[in-house]
Every structure is written in C-alpha cells, then in structure tokens.
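J.: Protein sequence lines, in the order shown, are assigned to chains A and B. If you're matching positions, the first sequence starts at 1 in our numbering and goes up one per residue. If you're matching positions, the second sequence starts at 1 in our numbering and goes up one per residue.
No wet-lab data here; the hints were simulated from the structure. Given the structure is predicted, the values throughout are model-derived calculations rather than measurements. Don't be surprised by glycine CBs; every beta carbon is placed ideally from N, CA and C. Heads up, none of these hints are tricks.
Covered, in the sense of this in silico footprint (three residues per stretch, anywhere, with C-beta under 8 Å from a C-beta of chain B), are these stretches of chain A:
{"hint": "1", "region": "139-150"}
{"hint": "2", "region": "154-160"}
{"hint": "3", "region": "167-176"}
{"hint": "4", "region": "181-188"}
Ranges of calculated distance between the beta carbons of each label pair, as one might list FRET restraints:
{"hint": "5", "chain 1": "A", "residue 1": "G359", "chain 2": "B", "residue 2": "R26", "range": "33 to 43 Å"}
{"hint": "6", "chain 1": "B", "residue 1": "L61", "chain 2": "A", "residue 2": "N206", "range": "33 to 43 Å"}
{"hint": "7", "chain 1": "A", "residue 1": "V32", "chain 2": "B", "residue 2": "F6", "range": "54 to 64 Å"}
{"hint": "8", "chain 1": "B", "residue 1": "V11", "chain 2": "A", "residue 2": "G107", "range": "39 to 49 Å"}
{"hint": "9", "chain 1": "B", "residue 1": "V67", "chain 2": "A", "residue 2": "D155", "range": "50 to 60 Å"}
{"hint": "10", "chain 1": "A", "residue 1": "G188", "chain 2": "B", "residue 2": "G103", "range": "45 to 55 Å"}
{"hint": "11", "chain 1": "A", "residue 1": "R156", "chain 2": "B", "residue 2": "L61", "range": "54 to 64 Å"}
{"hint": "12", "chain 1": "B", "residue 1": "V82", "chain 2": "A", "residue 2": "V446", "range": "48 to 58 Å"}
{"hint": "13", "chain 1": "A", "residue 1": "I69", "chain 2": "B", "residue 2": "F6", "range": "23 to 33 Å"}
{"hint": "14", "chain 1": "B", "residue 1": "V30", "chain 2": "A", "residue 2": "D155", "range": "20 to 30 Å"}
From the structure, some residues in chain A lie toward chain B, with a derived Cβ separation under 10 Å:
{"hint": "15", "residue": "F133"}
{"hint": "16", "residue": "F136"}
{"hint": "17", "residue": "F163"}
{"hint": "18", "residue": "R164"}
So the chains spell out like this:
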Amino acid sequence: MNLLALMPFIVLIPLIASGVVALLPGRTLPWVATLLAALASAVIAALVLPEAIGQGPMSYPFGNWPPPIGIEYRVDAANAFVALLVAGMAAITLLWAPKSVAAEIEGRHGTFYALFLLALAGLLGITLTGDAFNVFVFLEISSLATYALIAYGQDRRALLAAFRYLIMGTVGATFLLIGIAFLYMVTGTLNMADLAERLPELRDNNAVRAALAFIIVGMGLKLALLPLHLWLPNAYAYAPNFVTAFLAGTATKVALYVMLRFVFTVFAPDYSFVVLPLSTVLMVLAVAGMFAGSWVAMFQIHLKRMLAYSSVAQVGYMVLGVSLATLTGLTAAFLHLFNHALIKTALFMAIGCVMYRTGSAKLDDLRGLGREMPWTLTAFALAGLSIIGVPTTAGFISKWYLVLASVEVGAWWLVALIVITSLMAVYYIWRVIEAAWFSPRPQGAVAVQEAPLALLLPTWLVVGLNFYFGLDTRLTVGASTAAAEALLGAGVALP
Amino acid sequence: MTLLSFFNYWVVIILMMVGFYCVIARGNMVKKIMGLNLFQTSVFILFVSAGKIVGGSTPILRDGVEVYSNPLPHVIVLTAIVVGVAITAVGLALAVRIQEAYGTIEDDHLRDDFDEEDD
Numbered sequence: 001m002n003l004l005a006l007m008p009f010i011v012l013i014p015l016i017a018s019g020v021v022a023l024l025p026g027r028t029l030p031w032v033a034t035l036l037a038a039l040a041s042a043v044i045a046a047l048v049l050p051e052a053i054g055q056g057p058m059s060y061p062f063g064n065w066p067p068p069i070g071i072e073y074r075v076d077a078a079n080a081f082v083a084l085l086v087a088g089m090a091a092i093t094l095l096w097a098p099k100s101v102a103a104e105i106e107g108r109h110g111t112f113y114a115l116f117l118l119a120l121a122g123l124l125g126i127t128l129t130g131d132a133f134n135v136f137v138f139l140e141i142s143s144l145a146t147y148a149l150i151a152y153g154q155d156r157r158a159l160l161a162a163f164r165y166l167i168m169g170t171v172g173a174t175f176l177l178i179g180i181a182f183l184y185m186v187t188g189t190l191n192m193a194d195l196a197e198r199l200p201e202l203r204d205n206n207a208v209r210a211a212l213a214f215i216i217v218g219m220g221l222k223l224a225l226l227p228l229h230l231w232l233p234n235a236y237a238y239a240p241n242f243v244t245a246f247l248a249g250t251a252t253k254v255a256l257y258v259m260l261r262f263v264f265t266v267f268a269p270d271y272s273f274v275v276l277p278l279s280t281v282l283m284v285l286a287v288a289g290m291f292a293g294s295w296v297a298m299f300q301i302h303l304k305r306m307l308a309y310s311s312v313a314q315v316g317y318m319v320l321g322v323s324l325a326t327l328t329g330l331t332a333a334f335l336h337l338f339n340h341a342l343i344k345t346a347l348f349m350a351i352g353c354v355m356y357r358t359g360s361a362k363l364d365d366l367r368g369l370g371r372e373m374p375w376t377l378t379a380f381a382l383a384g385l386s387i388i389g390v391p392t393t394a395g396f397i398s399k400w401y402l403v404l405a406s407v408e409v410g411a412w413w414l415v416a417l418i419v420i421t422s423l424m425a426v427y428y429i430w431r432v433i434e435a436a437w438f439s440p441r442p443q444g445a446v447a448v449q450e451a452p453l454a455l456l457l458p459t460w461l462v463v464g465l466n467f468y469f470g471l472d473t474r475l476t477v478g479a480s481t482a483a484a485e486a487l488l489g490a491g492v493a494l495p
Numbered sequence: 001m002t003l004l005s006f007f008n009y010w011v012v013i014i015l016m017m018v019g020f021y022c023v024i025a026r027g028n029m030v031k032k033i034m035g036l037n038l039f040q041t042s043v044f045i046l047f048v049s050a051g052k053i054v055g056g057s058t059p060i061l062r063d064g065v066e067v068y069s070n071p072l073p074h075v076i077v078l079t080a081i082v083v084g085v086a087i088t089a090v091g092l093a094l095a096v097r098i099q100e101a102y103g104t105i106e107d108d109h110l111r112d113d114f115d116e117e118d119d
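For reference, chain B alone in the conformation it holds in the complex:
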C-alpha cells in the first residue's frame, strides 16, 4: 500500500508540524526551543530517509556487501545536528539571561514591555 510505504515521510511531516506549532503557539521560551528542536529533527529524518536503500546494509567496507545505504546524508545530518545543538545552547543561554533580566520567560508577560515605543 503506497500510503503506508511512505510512513517515514508521514512521520517527518507530523513531527515537523508538531514542532512548528510548538514554536508558534507556546509562550514559554524553553518550550519554543523544544519545538524548534523537534522541527529540526524532522528534517534530519527526511535526510536520513533519502539515503536509505531497501535491503541495503550499513555503509561500512567489508566482504560480501554489495548494496549499502548512501552515507552522505548521514554525514550531512551529523553536521546539522551539531548546528542544532549550538542553536539550542545559544537559545537556552538567552532564555537564562532573559529570566535574570525580566524574572520571567513567558512571552505573554514580556510582550507589553517589548512592543512599547520607549521606556
């Protein structure tokens, strides 16, 4: 069945939308960052899916292996994971600083202060 044979892409889409919704709808900054992580993870799965060959082995050089997965997407995803970790770290560091400066990391409480024209 074609609908099921694409289940990895369905997972990607669902994760992506859950993450994206979380980024948009949640006021808490830590939750926003979690949503962002989920959003990025879905893209990683998209990449890894692209490299998978049905019946293929891991891309390690050894005897008797003719068909193996494409290793390039794995390498790309490794790099992208590092980028994602760095973004999470910077985002959380900013959240800590915001907590120190304002005493809250809830966007709803901060909006009034932020969108005012001046002090």
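Just chain A, same shape as in the assembly:
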C-alpha cells in the first residue's frame, strides 16, 4: 500500500464524511459515522508518523501539479506528530461523546457531528499543508465550525462567547492573511519550502519584518497567548462539554504549531530570533501567562472556567519552551503540547461527568460529591496530579524537559518560576479535591449517582494515558525530539 497516496486522506476523510454525516437521521448513526471517520484519520496519521520520522519529509502534490505551482501537503516529523495528536484526541473524545451530547443537545445530531468533522478536517488540514494560503483557508474552516459548535452550549452566554470568539478569531486570521500577503508581495510564492528558500535574500526587507510580526500576533490570538487570551475562558466555559474537551486538546495546539512552522521553517530561526526580539517577547508573555493564568484560576468558582484559565497558563509553558529557541526547549514545547492535550482533556471529561449528573460545574455544588461519584472525582484528582507535574505522570515529563531546557541556557530563575506556577496549580486542583472529599454534602442536596460507564471508561482511558506516557516516554520524547529537529533543521547557531 502506498502510504504517500494515503496521507491526504487524513484530511479528506473527515471533510467528505462531514457532508454525509449532516444528512444522517437520528442520533446514533451520525455518531458512529463520525467515530469511524476520526478513527480512520487517526490510523493513517499513526502510520504516517514513523515514516515521516524515519524517511524524512513526505510531499503529496495535489492534482499532480508539482509544487511550487500546485498545492502540496508536506509532512515531516513535526506535523505528523501534531496530526496524530489531533486525530487521536478527536477519536478518544468521540468515544466519550454520545451520552454527554445527548444530554446537552436536542433533536437530531447529524448537523452537530458534521460541524465537529469540519472543525477536525480544518485542524488537520492546517497541520498537513505546505502552502501558506492553504493554512489560512483551513484555519477559517475549522474556526467557523468551532464558533457554531460553541454556540450549541445550553447556557445562553454560549452565544456571546461564540460571538466574541468569532470577532477575535477573525481578526487573528486576517492578521495571518496580511502577513501572508506581505510574504507573497516580496517573494511571489506561497509554498512554504519555496518561501524558506527565497526569504534569506530579503533579510533587510521591512515587508518581511512586518509579515513576521503580523503572523505572530495573528497566531498569538488563536493560541490564546496572554494578552490575547480573552476569548478563551468564556468559550471553554459555556461550550458543550464534548466540544470543550475536544478544543482544549487540539485547537490551541494547532495554532502553536502554525506559529512554530512560520517562525522556524519559513523564516529560519536565525532570522526570526535576530531581527525581532522574539525570544524576549515570547518569554515575557509566556511567563506572564503562566502566572496570570494560574493566579486567576485559583479564584474561579466555575470549574470549567478555572480549567480554561489553567489552559492559558499551560500555553505559557509551551511558548516558554519555544522562546528558549534551543533543541531541548522546542522538544519541551512539543512534549507539553502533546501531554497538555491529554491532561486537559481528562480534566474536562471528568468535569463533564459531574455536569452530566448534577448539571452544574460550580465549586459549591461539588461539595461532598467525592463519596457519591468516587470514580469520576478520582479521575479528576489523578489528572490533576498530571497538571501539577507529579512524577510518573505525563505532566511531569514535559515540565522536566522544560526545566532541563532552562538549565541548559543557564536560566535558573525560570526553574524557580516553573516550580512556583506548579504550586499554584496544586492550589487550584486542591480546592476541588477539598470540596469534593472533605466538605459535607449540603443539606437538602439531591442524591447523585456515579456517572454512567459510557462516560467513565473513556475518561479513565485518558487518565490512564496520562500515566502511561508518564512512564513510557519512548513515543512522546522520540517524536518530540524528531519534531524539534525537523523544525530547527540541522542545528542552527543561535545568538
């Protein structure tokens, strides 16, 4: 079987399936079709990853038009890794979906799952494509589907959250488009590999500088980097639980990937980290995000919003790894990108189980629930250990590499900051555990049952993965290192 011919189907299967799923009647049928499509994508992505790591970049020209004339899908270790993460998280969250979606969304589910598949196809398309304008188109496909998915939330504030995300997301995407326009004006090409060849001659061109700045701000918006994160907490808090679990694991990760692809592949790192004070800017924003996100999370009483602010902090860790601009730093960024997807999805799934039974995600309504829903809250506590970074969890591995990367450049103060923000995570996770296990159930509270197995099993699957990847790091560290090497090229000397 020709793997290269199969590779574009990672994107095409969800894209085509979305049209079919939209027409399917009832509730079970659309879900089954969606799950099959996501699984197929994940399987192909899993086949492509070892090939991309072992054999180097794979290129698929669409319509047999050779690049740079035609659009190509270009897959190296970096995007194969992200594609596997996105497709895999989609398949796992879909296993969890049916009960939760049935409780939150009325009527038939065909259109809902069709939108989900469109969002998935968009995210995968962004990851695989080797064409700068194609990135913009796929970005908008996934974003538009995401706005609609968020608006499905039961609370009417979901509509406002979706609208604000639409405004900010569109501004971000348009910034990316402006950046691409500048690049096209000075180089006359949109193919990323081609751009990378032509840009070194234009080092002193102001349009190229502006392009880099526009692209970083645009993707910073989609990534929810600190001052541009305002859309994220409410969008995550009011979206349907299944959508939150999926987005938390994928959307910001893909945005980070796009930023890395532009910073490292299109503008080589010896350009982007020299012409702009990118290292300093990203480091300051990352540290500010780590602190502000964790700080605000400590005082949230709406648990989904608490986890959303925690996401802002975790994005900070990833960007911190990038800002070091070393191989270890970039490896840490990719590791945390992967591990945080597992952690946050597990946490949102556990909260989703609580909401399924109690209908509320507020801290007060959680009091004493530990004895009534022990499996759900144990899952939350264990995933919480992972976000804190306790050894044997996936969260520890990525923080460990981040610490290694900081020590490598002699920035001991960063190690201190990482430890302090981890302690803040201890506090906000502990609040939940304290309320659930050490507070009495309020008088007159309705008796609550344990969440159904259909929700518990996938939740525990992700929690299990958190511990599996905390102990066996061959896949994650191996693929992250390969991804970082693919982006940095053959060892670039940095200032």
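With chain A's structure known, arrange chain B on it following the hints.
T.: Using the frame of chain A, we list chain B on its own:
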C-alpha cells in the same frame, strides 16, 4: 511623487484602521461585523494591488497581449471573499440568536450579565 504613487496602500491602511476601530469601539454587534468586513476588504485590496502591473492588461489569453496582471492574487482574493461571506453569515446568525436570547445586541447592555461569575 512617491507619497501619491502609493495611494492604493494608503487606502488599504485607512480602510484597515477604520474597520479595526469599528470592531473595537462599536458596541452594536451588527456594526462590529461591518467593521470586520471593512477590515477584511482592506486586505483584499492589498492582495489585488500586489498583482497589478502598470500598463498590464487583464490576465486573459488573447492576441497582442504581452503584459498582464498577475492572476494568482485575484484567485486568492476570491477565496478570501468566500471566507469573509461565511464569517459574516455566521456572525449575523449569532447576532440573531443573541437578540432572541437577550433581547438586545448592544454589547454594553450584555457585559454585566456576561462577566458575572455565575447566575
């Protein structure tokens, strides 16, 4: 005069800033979407400007035409226009739903409800 010869870029910048200001400063959601449209349109003009060649003809194959504009930006802008229309449609649909749910689409009236911690 160089300042005037770049007038298309001046138009782009002015449109862009007018649109962006509208998105930020206007509380009415329909006006926000209009601002967003203006903002995007300025980028379309930026792209089309890049493809124009002075003295060039339209990029249609016919006899006697040697110099013609670059057609690729036109195609890109067509795609971007479609994206823009889709965003406008989704945005307006959300505005309709917000009007139904809250009875207003003025951001100022909605802010208090939205930023409260809980119900």
